[in-house]
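Peer 1: If you read the sequence shown in this note's numbering, its first letter stands for residue -18, the second for the next number, and so on.
What the hints contain is simulated information worked out from the structure, not anything from laboratory work.
Check before you lean on any hint, since a few could be wrong.
Pair ranges (Cβ atoms, derived) [stated by the list, open to error]:
no., residue 1, residue 2, range
1, A348, P113, 32 to 40 Å
2, P45, R258, 39 to 47 Å
3, R184, P54, 50 to 58 Å
4, R137, A348, 38 to 46 Å
No experiment lies behind these values; they were computed from the predicted model shown.
Each residue gets a CB set at the ideal place from its N, CA and C atoms; glycine is no exception.
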Amino acid sequence: MHLAQRAYVLVLLTAVLCVVGIWSDEPALAYLWHIPAALLLLGLALEGWFIARLPLEAQLSSAPRAFLGRPQPATFQFANASARPLAVHYTPAVPAGFETLARVRRVRIAARGTVRDPVTLLPVRLGPQPWPKLPARVLGPLRLAWWTRPLDPHSRIVVAPDALRSPVRPRGLAGGARPRRVGGAGAELHQLRAYAPGDPLARIDWKATARAGALITREFSEDQHLDILIGIDAGRFSRVRVGRLDRFGLYANLAARFAEVVTHHDDRIGLMVYADRVLASCAPTRGLSGVMRLRRALEQLSVQAAESDPTAAAVSMRALLKHRALIVLLTDLDDASVAEQLKRAVRLLAPPHLVLVAGVHSGEIGALARAEAREWQDPWIALAAAEHEARAAAQRLLLQRLGAPVVAAPAEQLEQAVFARYEALRRRRRV
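Turn these sequences into a full structure, and let the hints guide you.
Peer 2: Shown next as structure tokens:
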């Protein structure tokens, strides 16, 4: 409870009359201050009784599902079933999965009426988000005090990974089944080319290799139906913010959209999320069922406080995959603490699989390395940033030498860079 302006007037009047009674010789004035004090206490008691029985309800009107990182309109609706109009101040509290709306909002509700207050929600974490009670206060009918009255919206929104906003949609049967092969389908030699690291050994043309004195690979023109596994790092460092989302949220959105692109080509899509242990895994599946399995798995996950262990995840990936596959690892390429484990993971997976390692390349560190010195500590900051950039570049170069293509791009460009590399690998038939 917080006193309103009218109550402070009565408090001031009580104090003035009390001082007058103390300093006055008139006996009649000695107890005059009791009148405003009694009126204040009686009014507060009546307001407390009224507020305790006040039929005031709050509701959140919004879609039951929200997309990560995509603003969603919503409305707080307040219903007043009493015969008096109400003034309500409330804070639009949100779950941990939404960006905070800190500003106190004010609404006036007519007698036996409702009022709607529109807001815009921004989901920043995946998973079901039960709505907390709204901290609110109501002005009493005598306007003596603001009374605390938490309001429970009884609402729940599930935050799912974002979807593609382009016309591309997953194709295939809902159950993931493949249509039967048609007459004339089969493998046809397309061309011979120089061997590239990561090419399957079964595609090497040994006769052409003997004639040329160098490894030669056969390329076929048959339709490709690839197995693709997305590995997402959900370790401690994935909590770092990149714009409005953390890195795990960025990777989750990329994985969900990538699944739509993959199934459009009739490839199979799978998922493995790991930190110090494997948190979720889905074997590669074709069609809409593969996309939905991946999205449902991501909806239940969050960043862990533990360090990532890509080596243990690589062992699980080898056990999960039965055929040669394209493995897309979404992880931090700049974290020196897991660099050695990431190298071991790539060596475990390739061969037989082709590993594509992708991560966010922050331009802020490069800007620090190139910034003009203005303070005495700026040269040391630039040296540390340059050392960090050199170490990250060396790690990316080492992964490429191990036969793993590397995609390092700013957060807003990472998705398109991964899609472009996937299309290039598919055209070159590297998987």
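Peer 1: Quick one: which hint numbers does this structure break? Sort them smallest to largest.
Peer 2: 2
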